[in-house]
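Colleague: Sequence:
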Amino acid sequence: MSEFSRRTFLSAGTAAVAFLRPDSLWAAPDIALPGDVTKTDPVTVTAVNTSSPVVAMTFDDGPHPTLTPLLLDILKARGLRATFYLIGRRVVTWPDIVKRIADEGHEIGNHSWSHPNLAGYSNAGVLSQIDRTSDAIFKVTGRPPVTFRPPYGAFTQRQRVMLHNTRKLPTILWSVDPQDWRRPGASVVASRILSHSRPGAIILTHDIQHGTVRAMPRTLDGLTARGIKLGTMSQMMGWPLWQSRNFVQTASAG
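Using the UniProt record's numbering, you'd call the opening residue of the sequence shown number 1 and step up by one each time.
Since the hints were derived computationally from the structure, they do not count as laboratory data.
Among these hints, one or two may not hold up.
Claimed, not checked - Straight-line Cα separation of at most 20 Å, SDA-like style, residue types lysine to any residue; simulated pairs: (1) 99 with 192; (2) 76 with 102; (3) 139 with 74; (4) 99 with 74.
Model the full structure from these sequences, guided by the hints.
Modeller: Written out as structure tokens, the structure reads:
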């Protein structure tokens, strides 16, 4: 898939967009945002305000030892990129799959170390979950995640602000939820995604669910037939491709 221009991708209004300058765990070169990005809320993203026909397909809770490779095959056959929000302890268990995700042009985001409900955690507890996962992803891929998705979406506004202030990680939520974790069946998952996806949507799915992976051929082909393209979260937010960025680890996660 050819790289989309950032200006074509979005003009952010309701979306939360951050100027990424990791200042605590990671150091990165300054990255200029396109002029049509409105930096109004650098903390939380639920969708991108754009008229361009593009959505972000995101997969949570992996990697899964058999389902994630099947999903990667489906995406590769169609030349599509997605964003995978990975659990840290699964990253260290299946590093070869994590490396394949990155090598095939997909983006990897942080989904905590052990998938707890973080809403009741202290700041130190939250950062331990996130830093440990970022460090694991960095060790496998050579770059840390640049966005975070909280398990269950359970993350208070105070915590989101704290995370952005300390790690410059925006919290990525979603605008389309097919509730695939309830296992309604592949046909239902595909129908829900296709009926609710609009330009700028962030679609929540889980690559640890058999029905979700079975739903992807119909889902992806259906979106393509409607003229909708898939972009990674970095592309949606007007940042360079995750794989093209050079990061320097300045401290090791404890």
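Colleague: With reference to the structure, classify each hint as holding or not holding.
Modeller: Structure-based check of all given hints:
no. : hint        : verdict
1   : 99 with 192 : violated (31 Å)
2   : 76 with 102 : holds (12 Å)
3   : 139 with 74 : violated (26 Å)
4   : 99 with 74  : holds (17 Å)
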